[in-house]
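Sequences are here, hints too, so could you generate the full structure?
Residue numbers (the numbering used here), protein chains in the order written: chain A, -13 to 226; chain X, -13 to 226; chain C, -13 to 226; chain G, -13 to 226; chain W, -13 to 226; chain P, -13 to 226.
Be aware that a few hints might be false.
When chains are identical, the list treats them as one kind, so a pair holds in a single copy or across two.
[Stated by the list, open to error] Here are the simulated DSS-like cross-link-like pairs (lysine-lysine), alpha carbons at most 30 Å apart as the crow flies:
| # | residue 1 | residue 2 |
| --- | --- | --- |
| 1 | Lys93 | Lys61 |
| 2 | Lys43 | Lys67 |
| 3 | Lys43 | Lys220 |
| 4 | Lys129 | Lys62 |
Just so you know, these hints were derived from the structure itself, not from any lab.
Residue-level listing of the chains:
Number of protein chains: 6
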Amino acid sequence: MDRADGRDLESLRPVRFITGVNRYAEGSVLVQWGQTHVLCTASVEENVPPFLAGTGKGWITAEYAMLPRSTQSRKKRDISKLKLDGRSGEIQRLIGRSLRAAVDFEKLGERQIVIDCDVLQADGGTRTASITGGYIALALAVKKLMAEGILTENPLREQIAAVSVGIVAGIPMLDLCYVEDSHADVDMNLVRTASGRFAEIQGTGEGRTFLETELAELLRLGKIGTEQLFALQKKAIEEA
Amino acid sequence: MDRADGRDLESLRPVRFITGVNRYAEGSVLVQWGQTHVLCTASVEENVPPFLAGTGKGWITAEYAMLPRSTQSRKKRDISKLKLDGRSGEIQRLIGRSLRAAVDFEKLGERQIVIDCDVLQADGGTRTASITGGYIALALAVKKLMAEGILTENPLREQIAAVSVGIVAGIPMLDLCYVEDSHADVDMNLVRTASGRFAEIQGTGEGRTFLETELAELLRLGKIGTEQLFALQKKAIEEA
Amino acid sequence: MDRADGRDLESLRPVRFITGVNRYAEGSVLVQWGQTHVLCTASVEENVPPFLAGTGKGWITAEYAMLPRSTQSRKKRDISKLKLDGRSGEIQRLIGRSLRAAVDFEKLGERQIVIDCDVLQADGGTRTASITGGYIALALAVKKLMAEGILTENPLREQIAAVSVGIVAGIPMLDLCYVEDSHADVDMNLVRTASGRFAEIQGTGEGRTFLETELAELLRLGKIGTEQLFALQKKAIEEA
Amino acid sequence: MDRADGRDLESLRPVRFITGVNRYAEGSVLVQWGQTHVLCTASVEENVPPFLAGTGKGWITAEYAMLPRSTQSRKKRDISKLKLDGRSGEIQRLIGRSLRAAVDFEKLGERQIVIDCDVLQADGGTRTASITGGYIALALAVKKLMAEGILTENPLREQIAAVSVGIVAGIPMLDLCYVEDSHADVDMNLVRTASGRFAEIQGTGEGRTFLETELAELLRLGKIGTEQLFALQKKAIEEA
Amino acid sequence: MDRADGRDLESLRPVRFITGVNRYAEGSVLVQWGQTHVLCTASVEENVPPFLAGTGKGWITAEYAMLPRSTQSRKKRDISKLKLDGRSGEIQRLIGRSLRAAVDFEKLGERQIVIDCDVLQADGGTRTASITGGYIALALAVKKLMAEGILTENPLREQIAAVSVGIVAGIPMLDLCYVEDSHADVDMNLVRTASGRFAEIQGTGEGRTFLETELAELLRLGKIGTEQLFALQKKAIEEA
Amino acid sequence: MDRADGRDLESLRPVRFITGVNRYAEGSVLVQWGQTHVLCTASVEENVPPFLAGTGKGWITAEYAMLPRSTQSRKKRDISKLKLDGRSGEIQRLIGRSLRAAVDFEKLGERQIVIDCDVLQADGGTRTASITGGYIALALAVKKLMAEGILTENPLREQIAAVSVGIVAGIPMLDLCYVEDSHADVDMNLVRTASGRFAEIQGTGEGRTFLETELAELLRLGKIGTEQLFALQKKAIEEA
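Set out below in structure tokens:
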């Protein structure tokens, strides 16, 4: 079976992390994941949500948005409809939960890191690119806080990366691009840690439902993908 | 290990489906699932979202909301903040996707069925109660449309039910109540079909991440729970 | 003249108050008034609106909403239009004013009781059912605060109940159901106290205007209705 | 008993109707009612709300708003809070209902007249000034439509005017100014027709509840006030 | 060339400032500028925007809105669309900036003066009428604060007035009315100080772009207009 | 006098136009203007605003927004406040007006080109970068429409570019960066055409007002800047 772009079933698209693209953010990276481009910034704020005030613990929040022409046909801005797009709301909650799994909030101290993921161009997998890039931005911000002596202990527990897998025309495959995603029977997003554990599994039967054996194959593919991403993330963070 | 309410690890809370509780809705059911109470109605509308106009195909939409005092401390209404609650938005998208997996839209014809899930009292598992009850309301509406000759072929492909599973204090268990859910390390919602397939898997490591072996145990528990729910649903629909 | 449901002109529909239907609320009642079903909860909050801060005086606020399928054809939720429904806003102001007439705010102390009235099913008279049921929820919350010693003096001055009256096809009658209400020439809502005084009169000539003699007959009918409601309320509160 | 401005209990404040104050509106009047100043315009639109499309019948809508500094201390604009003020919403519904009672919608034909009541300065009684002035603006617009031959039959059935009455310090009185209104025990707004019928009665016990005998006295005062207003309205419309 | 109303190219329309039209505002003026009528009020508030708290410095804010029937065809209120009109937002920012240019914020002290400009009737030039009238309202409020001893030093640095100029059918002219404005090739608003300096220049080529020589002629006309306005303002403020 | 970055008073910062950065947009350019980075896309839509429907004429609309961390400290997204930022609203109106000055709408035909200007990083001059880059995106979209034969006549009348000028510490200078802009006494944005005419002049005395001689010097500097930009734009469009 030929994939849209000639990849084999177990291959990621070319993934490139360009760090330091924003001069103000404490951490930033432009993720170029095939034709999907996401700009991730980490902003350190010396405040926390009300429920944490006075606890000495920090927090990670994420926001996700698409530029109007990141998509094939132009999409109206949320503000013109006065409503946060439902899909964006769901994705930013996922990004936040996934990245919070990587952080020891006592070590972070009573401060907040806001991860902004803005999609400049979308070709499938924007949420997994956002989580994977968001982790890099977060790690760079932490690195900066440690270099400045604001943090003395590293609050990052372990690396987090995410990838999509799916079943298209009956065939399980890794890292769906938009064309594949839009025809997928099953679509799954896996968020994993470098120690081989899951932070999040979200699988949906879009065209049809799926069997446990298919789930197992999707998890196998997801591991292959995230292992490669951990290596790329590590290199990007070290070289930044 | 003792659970909050003395159940064993593989037991559901008592689940009761009271059908026909709304005189206007084409299908309705009050779900009493332990102390979680959700009112589900199915409303048939002779229109479809714009992207389906003229295709002859129908659609299922779901909306989910909590009454202000369905929770331990009163929660403000969305309208007072002019924003749909992010969690509610995510849940109603999940309910809609799950129920759409059960429907053949060509057989439904160009009409829409809106499933409203309003939580009267919440004690954990409101989203799975909404999906499970939403399926009943949907089935009752379909039954009515067929009895009236508006539909000639049954558009329901198979039964859908959902249940939560989770790991609390290191122990996997079925159907978490609120106290358990709020202390869970891992929280997972499973949507299954009567033929034994998955429509949706959403697992989150809240306190910590999880292993593949733990995932397998959670799936096993989820099957036990949904099998019981399929039987209860069937009885409720037949006796309505 | 025959009424829609065979009642005579001076009769209420069957009214049932089921108390204690919500495990979290300090007071709660499900009002089943003919086919009109309203869930009323009273939530005690240890705060007051800004204009009362530091005065030692409390407040009663009310909110009113209809579930989407409480009506014959499904009604969109307010949040989907980003606007509180004008009719709902007017009704919740009326409920709040009416119940405030029953309360001595100095005795209540600097706390707020929020009365939520959510219409599960509507068949006319939802605002009067909300006031009448809202009083019960309020009285139960006060009873609880007194039992717990939080209040030492009863802040309730006297019972409040409300009923609708109207002129349909030229004939004055008590307690209009939806079919009658939608054909009414004159529609009036009366809020009375157990000592025989008025807290609120709202009369509207919908199809036509009305004479003072007609007003007198409507007031007479309203007294008959509220007297019965006071007895039912009293019993429900005592037996709760 | 002395009133704030020396009037006796049965007297209106000086009321002046200055017509033709807006060069674009089909009808307009500036109401100067004591220190309460309301600008009322009637705008004829060749469209109707959706529920009337194709029926050949027209409609009257009203909108009410206060300029920010119409009140003693500046009030924020609704748009800065993204919410229509609850009181304004209730008042504009009352104005609309009251004026619709005056109109034969078949004779008006399938068009809409929008009555805008903007309070330039408020000193009590703004809603009754709006109804009374709104009727004049409406009548002037109708006069114009008839002069232009757009309407051939007069759609106005009879004059409508409104006045407030209330009980202050135990004493019933006509036409409360702000100081009186803010200390009133009972506040009532009466909308009457020139033929002596009621279009609307809205009475509220603010500080305390009221007796039927008090209601009777308030209705008597309201008649005195509206009779004078009918004469002033008539003169203003004829001389315009 | 004949202008719409027979004026010559260098003439203002008749401008009248009626001060003291609002009994509550610290300063108020009704501007009647030809058929353009704007009500300006200045409200003194003993608070400042957050960024000035504790600095001892004050602030001037302006808000601008049009009544629905201030225009030829009725315009919907902002609140009905839940969005501040873009043009209004731009104009109120201009009014605020222009008036702030006149004020020494240290001398004003830590308080805010809110200038509300509400257009009762629009015939072109509403923004320049708002600035010019807003200055008068501001000056009257300052006069009151000084008379009351709340201010000891005058915080007004110098007079500010504004006028529109434009090129219509190729001909530069002063103070465009609506008909001229709607056909203008170039539209320019000039805000000047009594000492002959500019506070703001906003020139737009609507139908076509413009030359530097045309700009020079427009500036010359603007000076003629503002000089007359300074005299009228001064008289209005002194006589108030 | 030394400028923040060592430039002389008549110099632009280094300006780079990277075209074709978005694979979906009909025209796109990343503007790197010193440290100010703006992504401009042109989206062709086969529809027009209601007021142009059926006229055969087209339209240009612009939208402008800043990414949250485009600024030194993170700025909340508009959607979280449910309000379009006032400054953004004003800027997008300016961009739209400026670009419309370049287009013959009859030649464009009944279609709309939407110019989105999203600021990735802001260091002063974002509005002039948006106009200058927006023109390039527009020109590239037009080039594509002509290459595809959708347009047969070029609807672009002439090139449009914009630059900021200002007076800082009494000294007029070209192209202010953020540090200069935040201390400027006078800030002016000039939009010019390649034929040497003005499309828009917006000059504001922020700290102080300005003289006509200063205006003349600012215009001279603006011409120097825009002439260089015309050459750079032309090259970018030709080489794309």
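Do the hints match the structure? See the list:
1. Lys93 / Lys61: between (40 Å within a copy, 26 Å between copies)
2. Lys43 / Lys67: between (36 Å within a copy, 26 Å between copies)
3. Lys43 / Lys220: Close inside one copy (26 Å), not across copies (48 Å); limit 30 Å.
4. Lys129 / Lys62: between (37 Å within a copy, 24 Å between copies)
Hint check: no violations occur; every hint is consistent with the structure.
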